[in-house]
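Line by line, the protein sequences give chains P and E.
Position 93 (the first sequence) corresponds to 93 in my numbering; numbering is contiguous.
Position 136 (the second sequence) corresponds to 136 in my numbering; numbering is contiguous.
These are calculated hints, taken from the structure and not from any lab test.
Warning: the hint list may mix true and false statements.
Since the list gives no way to pick one copy over another, a pair counts as held whenever it fits inside one copy or between any two copies.
Derived BS3-like pairs: lysine-lysine, alpha-carbon spacing no greater than 25 Å straight-line [unchecked claim]:
1) 139 / 327
2) 208 / 472
3) 128 / 442
4) 139 / 320
5) 410 / 208
6) 327 / 65
7) 442 / 478
8) 258 / 128
9) 410 / 478
10) 258 / 139
11) 210 / 469
12) 210 / 85
13) 253 / 472
Here's the letter readout for the chains.
2 protein chains.
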Amino acid sequence: MAKEKKQVFVQHITARDEDFSQWYTDVVTQTDLMDYTPVRGCMALRPYGNRIWELIHDELDARFKETGHENVAMPMLIPESLLLKEAEHVEGFAPEVAWVTHGGNEQLQERLAIRPTSETMFCTMFSKWVQSWRDLPMKYNQWCSVMRWEKTTRPFLRTSEFWWQEGHTVHALPEEAQEETLLMLDVYREFCSNVLSIPVFSGQKSDKEKFAGARATYSVEAMMQDGKALQAGTTHNFGTNFSEPFEIRYLDKDGTLKYCHETSWGMSTRLIGAVIMTHGDERGLKLPPLIAPFQAVMLPIAAHKGGVMEKCEEAFTSLKAAGIRVKLDDRDNVSPGWKFNEWELKGVPLRIEIGPRDVENGVAACARRDTNEKFTLPLDDLAQKVHEVLEDIQQNMYASADQFKLEHTKDVFGMEELTQQVSCGYARAMWCGERACEDVIKEETGATSRNMPFDQSPIGHTCVCCGKKASKVMYFAKAY
Amino acid sequence: MAKEKKQVFVQHITARDEDFSQWYTDVVTQTDLMDYTPVRGCMALRPYGNRIWELIHDELDARFKETGHENVAMPMLIPESLLLKEAEHVEGFAPEVAWVTHGGNEQLQERLAIRPTSETMFCTMFSKWVQSWRDLPMKYNQWCSVMRWEKTTRPFLRTSEFWWQEGHTVHALPEEAQEETLLMLDVYREFCSNVLSIPVFSGQKSDKEKFAGARATYSVEAMMQDGKALQAGTTHNFGTNFSEPFEIRYLDKDGTLKYCHETSWGMSTRLIGAVIMTHGDERGLKLPPLIAPFQAVMLPIAAHKGGVMEKCEEAFTSLKAAGIRVKLDDRDNVSPGWKFNEWELKGVPLRIEIGPRDVENGVAACARRDTNEKFTLPLDDLAQKVHEVLEDIQQNMYASADQFKLEHTKDVFGMEELTQQVSCGYARAMWCGERACEDVIKEETGATSRNMPFDQSPIGHTCVCCGKKASKVMYFAKAY
Chain P
1 MAKEKKQVFV QHITARDEDF SQWYTDVVTQ TDLMDYTPVR GCMALRPYGN RIWELIHDEL
61 DARFKETGHE NVAMPMLIPE SLLLKEAEHV EGFAPEVAWV THGGNEQLQE RLAIRPTSET
121 MFCTMFSKWV QSWRDLPMKY NQWCSVMRWE KTTRPFLRTS EFWWQEGHTV HALPEEAQEE
181 TLLMLDVYRE FCSNVLSIPV FSGQKSDKEK FAGARATYSV EAMMQDGKAL QAGTTHNFGT
241 NFSEPFEIRY LDKDGTLKYC HETSWGMSTR LIGAVIMTHG DERGLKLPPL IAPFQAVMLP
301 IAAHKGGVME KCEEAFTSLK AAGIRVKLDD RDNVSPGWKF NEWELKGVPL RIEIGPRDVE
361 NGVAACARRD TNEKFTLPLD DLAQKVHEVL EDIQQNMYAS ADQFKLEHTK DVFGMEELTQ
421 QVSCGYARAM WCGERACEDV IKEETGATSR NMPFDQSPIG HTCVCCGKKA SKVMYFAKAY
Chain E
1 MAKEKKQVFV QHITARDEDF SQWYTDVVTQ TDLMDYTPVR GCMALRPYGN RIWELIHDEL
61 DARFKETGHE NVAMPMLIPE SLLLKEAEHV EGFAPEVAWV THGGNEQLQE RLAIRPTSET
121 MFCTMFSKWV QSWRDLPMKY NQWCSVMRWE KTTRPFLRTS EFWWQEGHTV HALPEEAQEE
181 TLLMLDVYRE FCSNVLSIPV FSGQKSDKEK FAGARATYSV EAMMQDGKAL QAGTTHNFGT
241 NFSEPFEIRY LDKDGTLKYC HETSWGMSTR LIGAVIMTHG DERGLKLPPL IAPFQAVMLP
301 IAAHKGGVME KCEEAFTSLK AAGIRVKLDD RDNVSPGWKF NEWELKGVPL RIEIGPRDVE
361 NGVAACARRD TNEKFTLPLD DLAQKVHEVL EDIQQNMYAS ADQFKLEHTK DVFGMEELTQ
421 QVSCGYARAM WCGERACEDV IKEETGATSR NMPFDQSPIG HTCVCCGKKA SKVMYFAKAY
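Same shape as in the complex, but just chain P:
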């Protein structure tokens, strides 16, 4: 019976190696993370998906506060004239802006953009708020949704509206802005590694790939199980690119007015797509414990038998009291087999079953989602043991993903090798630094430059594309 249900339950998930893209769609739509809405390209986050985002929020927000940032909330609308102030910036964003033209029954004198990002609004306010060197640094962040009118969209990966955080900071000195840019990049790297169990490539973007208006952009790039790159977060050093048009100046100790140096950095609901494609398998989602809405699910087996429900509830209470996010699934209208498959599909890290024999033996029968390993834990020390198992799952998921990343990254020295490597992973190559070569590589292989690692020890001396002298080490990959 359980077996039969199982087949019914998972039959809709396409195999990853058959059609990775369809596998992704299957997993996303069958796990109640999100749903499509009547607004083109805009999704709704259902409780399960939204809870993951809340947990991501909590972990990231704690890191932002620890590093001295404060949250603010800015208007969602930006007057067109503000958006036009920084030339590169408007060129990058204007084509994908949603425009408000009417308020009530009146036509507005000036169109208002729904923010695609908030540099121009922050800069407008910073120009009021920053007066003296004593006001600096000013390190702000906001949690909100933004809108980019995308032509083709995919749940979590590219949607017209998405939820994110955007940090915006103002500094007196150029080196302080650079330090902030790299600090937040490292916060992102550490967060991906330790919270999402996703190892990343950390480095600097090429000029072609940098943010519209930035002097330098850095990114953390993750590798999906199809070998493609997903940009998980970016940090930007603006120098004075925005502070000059927006006139953000401070009175320095020497009595003169100086332009400020700014940064911005962001991560979004895209991360949920990254988690799915880094860890998921044919049975569905696989969630790292730190962002799992339920870290463990408890299933009574033969719940009608004496002592089972009592023991389950006792164990459930003790886990909850120990701060473990646990779900007691006491539904009586579906079989245990159905429940197994449903919670596997939803990626719950640990399954805990308690049946009559377990009650007798004083144990719980457990199964790990990451390794499928089955084992028992003593009921009288359950919370402590579950904590240890969850910690181990968190680390093991990182280790597996890191292993995959290593196996799918290769040094390449010519276009043929590059083409082959980016069909299944990342290629590390020497690059001359010319945009022309990036364009050729994109044209011929579909791959883009991802970033330049901080370790720039050369692996050769000639550009992988043009063969001319090259001193830059660059990662190339196809990307989401």
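Let chain P serve as the given structure and place chain E on it in line with the hints.
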């Protein structure tokens, strides 16, 4: 010196009894809670104001989760056709909607409203998500900002964009929807009392004053220090008003399709305005400890003297470790007097000073913001004592506000009495239930019906306005 600074610091705050409205504006703009932006009627929440909103969020959200609600995130845009589906609803909101007409360079086929509220979007999704009686109840909430194109705006009280939470729930039975509507009203009442230290009038709105599309609306109404009412939160029972046009039906146990019964309820950044106008005084803000970004501020006195800074840092660390939100103000460019006034202005509940003599005596010199009372606390038990003082401040602020509310509420029996009473507070009166009388009262006194208390013990038998037979007890007041 401190005295002179003090005069400088507070001279901009108008006296409350001179011009309450100007007093409010002075306090709001001088405490760094918010700022005006280039978008008409839209404010920015600065770190201090945003932190208050975060703390309100955390307290409310915990209550929503405890009562079985889950958070979701819906699109910010709503197609015009959806907004039109419920007749009363569209009539209520259409005149104040901001419309998106263009995406990128293309004109949209259908206009999209920036959500003024999300009933129509929730209902659209509920009609997909609700199938069987097993899916019910579905109890969701979202935290977001909404947009209402207001003609005249005031910080926190009425802004075009504001931040809020909106709960939306679906139930099988009418009595379940009614139970939810009253449960959340009571959550709001308890939250106002225990977290904001604001006593409220809890009751049902008249038909005239109910939400566009609701069968019944309930509210919690606070009293500001000018005697005017501020609607702090509302809960609505929709019955099947939305489920019919949106076709939200469930397959019941008896095999038939039935319409669901729905509720919604919301609280917003308006609450920050309520806190300011309930508790503030001539020296500025007065924040209840539970939502104060800093519950205590620690000031070193003669910081250069031996042992002072060490003792301050030690005490600071012990308070932090005990979970108290404390700020150590070690600025050396302003005097202690300046700091006193700045933190008083910002409403920090407790000031803690440590100077050379305090170090010698093993005490800290404290001052309460609510009573201005000064006292010392032993340094070796500081965290525990501070906890107790904060708890006392929280309760005392409630008691003071409750006393004010009692003193400014009066039973009235005729129009003259009513007119006089609503010039300084709430009037409780018998009302015939006719809208015509509400209109006359509004016209003649400027007051509106606020709500009907659950205790409907009659205080008379004739309508305060028309003199006809009356059985309803109603509160009237001028309102924000």
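Honestly, which of those hints from before does the structure not fit?
3, 13
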